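There are 2 protein chains.
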Amino acid sequence: MLIVQKFGGTSVANPDRIKNVARRVARYRAEGNQVVVVVSAMSGVTDNLIKMARELAPLPNEREMDMLLATGEQTTIALTAIALHGMDVPAISLTGAQAGIVTDGVHTKARIANITPKKVHSLLQEGKVVIVAGFQGQTDEGQITTLGRGGSDLTAIALAAALKADLCQIYTDVDGVYTADPRLAPGARKLSEISYDEMLELAGLGAKVMQSRSVEFAKKFGVVFEVRSSLNDNPGTIVKEETPNMESVVIRGVSLDKNQAKITLVAVPDRPGVAAHVFKAIADASVNVDMIVQNISHNADAPATDLSFTVDKPDLLKATRIIDGLKGKIGFRQAIADENIGKLSIVGVGMRSHPGVAAKLFETLAAAGINIQMISTSEIKISVVVDLTKGEQALRTVHEAFLEKQG
Amino acid sequence: MLIVQKFGGTSVANPDRIKNVARRVARYRAEGNQVVVVVSAMSGVTDNLIKMARELAPLPNEREMDMLLATGEQTTIALTAIALHGMDVPAISLTGAQAGIVTDGVHTKARIANITPKKVHSLLQEGKVVIVAGFQGQTDEGQITTLGRGGSDLTAIALAAALKADLCQIYTDVDGVYTADPRLAPGARKLSEISYDEMLELAGLGAKVMQSRSVEFAKKFGVVFEVRSSLNDNPGTIVKEETPNMESVVIRGVSLDKNQAKITLVAVPDRPGVAAHVFKAIADASVNVDMIVQNISHNADAPATDLSFTVDKPDLLKATRIIDGLKGKIGFRQAIADENIGKLSIVGVGMRSHPGVAAKLFETLAAAGINIQMISTSEIKISVVVDLTKGEQALRTVHEAFLEKQG
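Taken in order, these protein sequences are the chains called A and U. According to this note's numbering, the residues represented by the first sequence are 1 to 407, in order. According to this note's numbering, the residues represented by the second sequence are 1 to 407, in order.
If we strip away everything but chain A, and leave its shape as in the complex, we get (with noise of 0.2 Å):
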């Protein structure tokens, strides 16, 4: 088999660690496998950097920073081979320059543009272990770039499609993904397998083990992949194209993301272009906005609604400026901002062929005595907002509820 395995930063964060990765794949390699590894810089690594290139410039020069960052990579790929040469494994380093890999020009997040794997090839052919580094790529003009964050996952995932890998493997220092996080829900079990859709939702809700960009590249190029922990020999998760069997399992999981802050608008007048203004010029601050609510208007004679939206909690005083701006243009009475609340999503591709699964959830909140403040669906996903304090005691009732008493 054709084995990509993919090691982030804690994973190679000292030559112990090298070693233990180097370990992993050799054990691979002597089972009769060809294999790729991609690796991330080393955890702390990229972190001094950024802290060095802020005391030279207030915002450092995007080419410059690629320039400098691509040595956390490079680093590891060095020393990655020579723990495997330590280990009497044939091994090679390349850059992603040296891999094939062609981006385009938008530094600190450029995009793949295409992955040349020949000498990847002719590489494995020789019966050589070939390290890449994640995260970076050259442009055609041969300027060095980096992908942006989650970078390395991506190019484990671009390398898996371009050689055709027969497994890729990523692995992180959990043991795949939870039906909840296990340290806020005690029932929390690991999935076996999980859709890409489903996947996504979860990465854009707060479960940190991959961005949702590296997801959509494999469900793009139909790259089946697994999740699983660099600490032990644990199956992980496989992530996967949708199956039918996965459609008899309601719900695949529980996230809180404690990381939103609440904005309502009001009486805001209910005329067309108003949601417009407001979420252009907070688009225009760079600011991200999750959720957003919006009621119908039930006064004929001055319509005005309610708008409520929710934004990253390090972004809620630049947003409530932004809105505090607005009020004279758009006439608000006024703009609360709350950053004492959680959101509770639950994720299942099966809540499209089984009706009542909101129902259900806004009755176990409900028995529960937790007030709900807001609401948003998707075809696979169903957010609730709900007081901070109150979020980890719903993460728990909805997981008992949904995925420990099923069935």
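Check the hints yourself; a few may be wrong.
[Claimed, not checked] Label-pair ranges, simulated between beta-carbon atoms:
| # | chain 1 | residue 1 | chain 2 | residue 2 | range |
| --- | --- | --- | --- | --- | --- |
| 1 | U | G105 | A | G222 | 39 to 45 Å |
| 2 | A | G222 | U | D16 | 28 to 34 Å |
| 3 | A | M87 | U | G105 | 45 to 51 Å |
| 4 | A | G127 | U | I50 | 23 to 29 Å |
| 5 | A | N340 | U | I50 | 47 to 53 Å |
| 6 | A | S122 | U | K220 | 37 to 43 Å |
| 7 | U | A285 | A | M87 | 48 to 54 Å |
| 8 | A | R54 | U | P186 | 29 to 35 Å |
| 9 | A | D47 | U | N245 | 52 to 58 Å |
Think of the hints as simulated: they come from the structure by calculation, not from any bench. Keep in mind that this is a model prediction, so the values were computed, not measured. Positions of the beta carbon are idealized from the N, C-alpha and C atoms, including for glycine.
Please build the complex by placing chain U on the supplied structure of chain A, with the hints as guidance.
Just chain U now, with coordinates in the frame of chain A:
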């Protein structure tokens, strides 16, 4: 003017020092010059990388060591570019490969095969300061290589040659080349100029300003360069081809090398091939021999002589073991090792045209009661081995005699 400026590891050891470098570069550029900057890895970085590699394999693969160590300079070029941007100076960093530095494939001690300075030239034309990673290059096949010790100086001098630069400045933590180490000889003076050959002799004598290799390259391609301090604006020492007026100075400098040890083979049979046998065995073990002294045989019946040579102190044990192993074959009486020696040398192209220099050296030492153990001479250098405890006194005395009471 087109100026190449090279800054070593201590000059770029942290963001504050990098800012100092950037300020100096900015000043030269503001005066209307085109500036190419060559930087080393921040001091300590390379050692740390080597330490990690050795934790992973006792003898790390050299191709991977180059992959690893090249990150050190790449980090510095990016930070230096960012620092210049922070001062509103347009600047761009280039790896050795991007700067067109092509080397042979001898990893960890590659030789520069050729430099294609087209890209550097065109970036200079755009008004940018071009910052090039020292110490590294790339083979024709795209493998990253490093140039070995003193490699960044070599990069600077080779770039100066390829760019036909008007000036090449090597910044260090000393003010230039001195007549002797000022810590040992209070009367030591900074030289305003020195010939390549004199510099070469001094480089081989523990005057740690520069590696011989870079000086040889400069001599070969006629690159005039200046050794000066990155801590102040004092003019440094110009290193260039010998000029007639240089000969008027008999002695350019005095140096003391305390890092040598002496081995004497007593009563070596005086027959052909003995010396070859000894030094072949020592060379095979990669031990560097510096001075070799053998006198004529004085016993016609059983011709035997004493053979002395010096090696680097850390190699003494290795060398004595080799010699002991040869005792049976060669049949010398005994081998005596002595690490309590100092090698004092005087260097000057002027000694070619001024007879009596050696005599004056020996008289000076005799007058101070310092015994000479070995003597070795070249065209522009005389070295003597004295007892280590007398070394510094010898240096002071000789410096006074030749360089303070001169003329």
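Checked hints:
| no. | hint | verdict |
| --- | --- | --- |
| 1 | U:G105 <-> A:G222: 39 to 45 Å | holds, 40 Å |
| 2 | A:G222 <-> U:D16: 28 to 34 Å | violated, 51 Å |
| 3 | A:M87 <-> U:G105: 45 to 51 Å | violated, 25 Å |
| 4 | A:G127 <-> U:I50: 23 to 29 Å | holds, 28 Å |
| 5 | A:N340 <-> U:I50: 47 to 53 Å | holds, 51 Å |
| 6 | A:S122 <-> U:K220: 37 to 43 Å | holds, 38 Å |
| 7 | U:A285 <-> A:M87: 48 to 54 Å | violated, 29 Å |
| 8 | A:R54 <-> U:P186: 29 to 35 Å | violated, 45 Å |
| 9 | A:D47 <-> U:N245: 52 to 58 Å | holds, 57 Å |
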